[in-house]
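Top to bottom, those sequences are chains A and B. Under our numbering, the residues of the first sequence are numbered -17 to 82, in order. Under our numbering, the residues of the second sequence are numbered 49 to 283, in order.
Because the hints were derived from the structure by calculation, they are not lab data. Treat the hints with care, since some could be wrong.
Computed, partial: chain A to chain B, Cβ under 10 Å [what the hints assert, rightly or not]: (1) M(-8); (2) G29; (3) A30; (4) S39; (5) G49.
Since this is a predicted model, take the numbers as computed values, not measurements. Just so you know, even glycine gets a beta-carbon here, dropped at the ideal spot from N, CA and C.
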Amino acid sequence: MKHLIYIIIMAGVTYLTRMLPMVIFKKKIESTFIKSFLYYIPYAVLGAMTFPAILSSTSSVYSAIAGAAVAIILALKEKSLITVAISASLTVYIVELILF
Amino acid sequence: MDSIQPGYKDGIKDGIPIALGYLSVSFTFGIMAVNAGLPVWLTVLISMTNLTSAGQFSGVGTIISGAPYIEMALTQLVINLRYSLMSLSLSQKLDKSFTNRQRLILSFGVTDEIFAVASQKSNEINIKYMYGLITLPYWGWAIGTLIGAVAGSILPESLSSALNIAIYGMFIAIIVPPARKSRPVLGVILLSVAISFLFKYMPYLNNLSGGLAIIICAIVASSLGAILSPVKEET
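Just chain B, with the same shape it has in the complex (with noise of 0.2 Å):
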């Protein structure tokens, strides 16, 4: 596609459209953390830490509820698992002039979006690309989260009771489609979904913390579906 070595400028022209999803995702993040009890510099700081949604999620309800901290590290490892295979697949495109250091800044921003667009490009990729590509959807992802937050703590209780949805939306938008395309997907969603169930109103399963129960519906359910319907290769 792209001939000439693509530069800074190209990565932050092509990391636009992420930012600016990034910005609602983000947006309804800070609403639904302050809405949870956090301060609003905690809330916007876990954004600029993390630069995960779904981890950032699960993360703040791991925090209000009060876990062990292994629970925190164990439900995040599981979550965040998918990004060590995007790092892994990312790792074979750097061009040579990558440093180590370089690598582990870059490693900070691997996300789902960035991997994405950063995968379909037909060259190697050069380190003032990636920073590009990071640098506005780390900002949008920031200041959305900040918007959210101090937006959050003034809207009525039947606003949030609505927004408080649009994670759970944004997650069936990701997941539904796929699983429309592939039994196995389908096979997997539906399993680890009965399993949480099953956590949830079964006597004695449901002492269980959510976190704990997650990491069990995931690992079961994606191990069976790796035995029963192994992934091709892809080449």
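Next comes chain A alone, as it looks inside the complex (with noise of 0.2 Å):
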């Protein structure tokens, strides 16, 4: 039961930001600050969720860091999404492999 409301809340907070805006706002947004604001939101968000919980989302720290240097070193290169992640999930299967 518990799980549902969190994920009425969830699924309506998402929903939320996504239809204001839509049916609320028909003139576009003026404030320089909040549109600048807005679009930092998805690095800053994305940057903190994955370091440090990234360090410890594998078996041992040791292959962590070899994935993320591999998804680094790919994302670099512009790779896809798809690539970086797959790429960093099978050298954290090998380094673990060699640890183990």
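Hints given; two lone chains; assemble the complex.
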């Protein structure tokens, strides 16, 4: 039951972020600050969500560091999301095979 | 580009690549959520009612940690705030035939990728095209989640450990290329990450729950970014 309440809140808030501007705002936002703030938000959120959480996402901090390093290198080369994600996973798998 | 009004079929066609991408990401989500302890049906229900990647991944973390409901609302709000800007931008592109009810339905399908494809259209967008565009990604997201959730419960430990890093790999793939091209974006990310490390390892600060920490990191870093390096008008 508690899980369902969480999901209702989650879905409700997510929907509101999409629905309210679509229905309420008919004119463009003029505030440069708010536009800029919203522009930076995804990067800041994803950065904070990834680090340091990524370091404890696997069975060993060493495999996590190796996986993160591979992901960053491939991302710098602008590989696709799928390629980066799968390569990071493969790296973790291989490093853990060697470690354990 | 397209001079004829795009219809439902055009929407379906444009939705195929998005749906394929969603299959694999939602597959990872299904695995992760079930590994974290959620039942399969709840995991699929999350995907069918939320249709968002970062929000769902963090939402599962919030559920598992048993955080207060208000924290769920706040994290989801901050993580998904970007949709507000996309909806806003998209609302300027809808043709006049859109009813309020159709706006309410369409809002549900505003994702990063659907927004990206829809906003590339040179003409105004009609409701048939948008329904078509959303259809396959929606089902790709739901079915990928189901497959991942079912397969996830039979995966060996070594494989699930490896797959756990996949979502972070995807986040890295999203933030690194823009960070390389834009110093302000790089600065915002580094600041946010630095604060995030503080919240994890500093005494006292690390008592704060992860969700609230992310909110603070994001708001501080993005505000500073917006003050020091406002985004220039585009048109």
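* Check each numbered hint from earlier against the structure, then list the numbers of those it violates in ascending order. => none
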